Amino acid sequence: MTDLSAIAEKIAALRADDDVYENGARVISQGGVPDGMAAFIDAIDGTVLERHLEIMTGSHIVTVVAAGRRLRGIVNVIPPKGKSARLVGEPLSRDDRRMLESVGTLLSDLFSPAPKLTIRNLPAEPFGKSGDRGVAASELARLWDVDLDAEPLPKVDRFLRSNSGLFTAHLHVNNGEVVATSGDAGTLQQIWEDQIDAFLTTQKKLSGHTDGPQLISLEGALDGKQSIALGLAGDDVLLMIYDSSGLGQMHASWQAIFS
Amino acid sequence: MVVDELNTLRDSVSGCQMVAFADLSAHMILVTDSKTSHPREVLDDLCDEAATLLGRRGVPALGETPSNTAVWATQASLRVFLRAPGEPNDVLCCVCAPNVNVGRLVAKASACLDRISNG
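For the protein sequence lines, the chains are W and V, in the order given. The numbering of the first sequence is the numbering used here, which starts it at 1 and goes up by one. The numbering of the second sequence is the numbering used here, which starts it at 1001 and goes up by one.
Because the hints were derived from the structure by calculation, they are not lab data. Careful, some of the hints might be misleading.
[Unchecked claim] Short derived list, chain W residues pointing at chain V, Cβ under 10 Å:
no., residue
1, N76
2, I78
3, G82
4, N175
5, F199
6, T202
7, S207
8, D211
9, I216
10, Q249
11, A252
12, W254
Computed from a predicted structure; not experimentally measured. Beta carbons: idealized from backbone N, C-alpha and C, even for Gly.
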């Protein structure tokens, strides 16, 4: 693709009126569609004039500086996460692969699990030296192994992937057959075999029951104060042991993906 | 007053539509926030949901131990049921819009239940 045709595509995209805004910020990823990193790189690719891009994940605000369809660096991460303190303010260069890898890991940790990503374009402020051009969006996609044209995963898989950091074990059943497990899934297997039928029969009689996807979380329902969640979506049943500190994130993710 | 605590909780969390305080031993909603005017049957159903998800007579709904906090998300609503740590039959029930901030709701509801149960 030539630069001219790429720019023409960008202008056409900018003119499209199907963008969704929330509180003045544009929604660039909802429920993992598109993938958070792909949405971020696409935003960099759409930034021609120098701008600060403020990306909100729900738990963090990440500000980067971009220009000429290139990422120049990270301006701020609030609250800090992982190695962000070391990476903030450092100009990016295609020659510093270790730095680029660290930035990619940090941004993936921030953007991939986010139920929703929104972005604001803000005027740029001085950053680095004028000779620091940054790294092209297309090169970031290659370096960080992000497929910008990937088809969205099935919803259940997106939910499991987005929240993999919260789950110490999971059991995925489709049409009555166990199709995937992770971690120590023995307890979940036992629940699936001994308890689930009776529970679902009772639960379907409750007045709050509706057809459609449902997520039920029970804090401290396993010995050792571990918590379990049950996801129901069509022919899929998910059982998960989750980290209680992520209760809100897990439900926000479910809501973003299945609503 | 308990109803003031329920009103404060309902008004402090965006998307929270109803708050009720139940006694599971009597299987009864004892009081609701003052904006709620559902018929008795609806409140009985809500109490039934709390008992089912939190477990009945020490038997867990799922798992090994009755939970003290259950969250049930459907496309129509999000319901939170909280059991008071010191009074296992004291339960707070919250009915909310599906997109309510669960972390914020649970934190505020837990504090509310502590105040009611210890008051």
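Checked hints:
1. N76: violated, 23 Å
2. I78: violated, 18 Å
3. G82: Given a least distance of 21 Å, the restraint on G82/W is violated.
4. N175: Given a least distance of 21 Å, the restraint on N175/W is violated.
5. F199: For F199/W, the interface hint holds, since the closest Cβ of chain V sits about 5 Å away, which is under 10 Å.
6. T202: Holds: closest Cβ of chain V sits about 6 Å from T202/W, inside 10 Å.
7. S207: With a minimum Cβ separation of about 4 Å from chain V (threshold 10 Å), the hint on S207/W holds.
8. D211: holds, 9 Å
9. I216: OK, holds: I216/W within 10 Å of chain V, min 5 Å.
10. Q249: holds, 8 Å
11. A252: Holds - the Cβ of A252/W comes within 10 Å of chain V, reaching about 7 Å at its closest.
12. W254: The hint holds - W254/W has a Cβ within 10 Å of chain V, the shortest such distance being about 6 Å.
Of the hints listed earlier, those the structure fails to meet are numbers 1, 2, 3, 4, in rising order.
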